[in-house]
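Trainee: Here's the letter readout for the chains.
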Amino acid sequence: MTSPVPRPAVICGIGSYVPPDVVTNEDLTRRLDTSDQWIRSRTGIATRHVVAPGTATSDLAVEAGQRALKSAGCTDIDAVVLATTTPDQPCPATAPDVTARLGLGGTAAFDVAAVCSGFLYGLAAASGLIAAATAERVLLIAADAFTTLIDPQDRSTAVIFADGAGAVVLRAGQVGEAGAVGPLVLGSDGELSHLIEVPAGGSRQRSTGRAAPPQEHYFRMSGRDTYRHAVEHMTAASRSAVERAGWQLANVDRFAAHQANARILSAVADRLDIEPERCLSNIEHVGNTGGASIPLLLAQAAQEGRLAAGHRVLLTAFGGGLAWGATTLRWPQLTAF
Amino acid sequence: MFEQFKNLLVNKLKVSPDLITPEATREDIELDSLAVVELSIMLEAEFGLQVTDDELLEAENVGAMVALLEERGAKI
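Chains as they are written, first to last, in my numbering: chain F, 5 to 341; chain V, -3 to 72.
It should be emphasised that the hints constitute simulated quantities derived from the structure, not laboratory data.
For each residue, glycine too, the CB sits at the ideal point set by N, CA and C.
Treat each hint with caution, since some may be false.
Unchecked claim - One-sided excerpt, in silico: chain V residues whose CB lies under 7 Å from chain F:
| id | residue |
| --- | --- |
| 1 | Ser29 |
| 2 | Leu30 |
| 3 | Met38 |
| 4 | Asp49 |
Chain F with its partners taken away, still in its complex shape (with noise of 0.2 Å):
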């Protein structure tokens, strides 16, 4: 067990947002060859949510930052942290944009680019602000338009990625506090950084001086070699925090792990022995948003009642870098928008 960090990050606030437009499997039926049959098999996913033309990410994080800072009761933030892997433009970073739109004037405000483990990237950012006493609270954005990133016609991935928002109040909290973040696990490996990518677009290819084809600004993902990694490194990294914070894997009342593929959700549940009823899950109707998908998961769960003060909450995502990462918390008492 790792000795407590003596100024956690504690959240006490949590909002989500989706955008109101809704592709289902029938309607992607129509431009590609699948079925819903499929879809649902093989993801789990019968709907998801995508942003209108002309819509960014920056619009979906004031939503959901909004609705954090609603919930938390309070509008004193020292720093602003958003995940995403969309920002609204290649420069600058978008959270400094949102932070002006919700308000909070000149404070602090960054990115942070850990594709879908961006939230538990975040929550380490936003830990160690508070740690250091950079700030006595954050708010962390994870957002994510990953519909812009996707190739209409590639099946494999317009099937999954999809549009949302979440985000948490955290503050400077007490050890023990429940809320508390965890102590945290993180990971990655650059070797596999070419299984999850857009290649073109940034300065390896505008070094070049030649324009990239039409594919290389697409997401692009190696679906069998993904689901293999994701499956080791969610499941240990999973046994690593539940370990660091000196709980079993039996005390854990409920598992939010990335919403990526309802297959490789249940096989990591079935490694750590988590039982479907302690899963928390939503790809369903949200698919999969990129860094937003375990503070949308989160939010929604705590809305619906399926997550409730004193739960025992495992964390863990997988992603593009490759990137990973698992922390735990005691749920603490809020409203959740």
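With the hints as your guide, set chain V onto chain F.
Mentor: Same frame as chain F, but now just chain V:
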């Protein structure tokens, strides 16, 4: 060997036992490519066998998969 492989498919991958015959193809036993990844992971974890999901996907039917395992010196 066939029986042990069949038990693995039934117990771990929830394949219906009456679907499993040596002539059954991957589609016949309803194993999609993600299930094949699972299978290759299990074969390594449980029996120390190195069989890639690509190799399993290339096998024509269950009989061919079993032959592949036997070739790899499987002692399930």
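Trainee: So, for every hint listed, does it hold in this structure?
Mentor: Okay, the hints, checked on the actual structure:
About 6 Å separates the beta-carbon of V:Ser29 from the nearest beta-carbon of chain F, less than 7 Å, and the hint is met. Hint on V:Leu30 holds. Least Cβ distance to chain F is approximately 5 Å, under the 7 Å limit. This hint is violated: V:Met38 has a C-beta 10 Å from the nearest C-beta of chain F, more than the 7 Å allowed. Interface hint at V:Asp49: satisfied, since its Cβ lies 6 Å from the closest Cβ of chain F, which is below the 7 Å cut-off.
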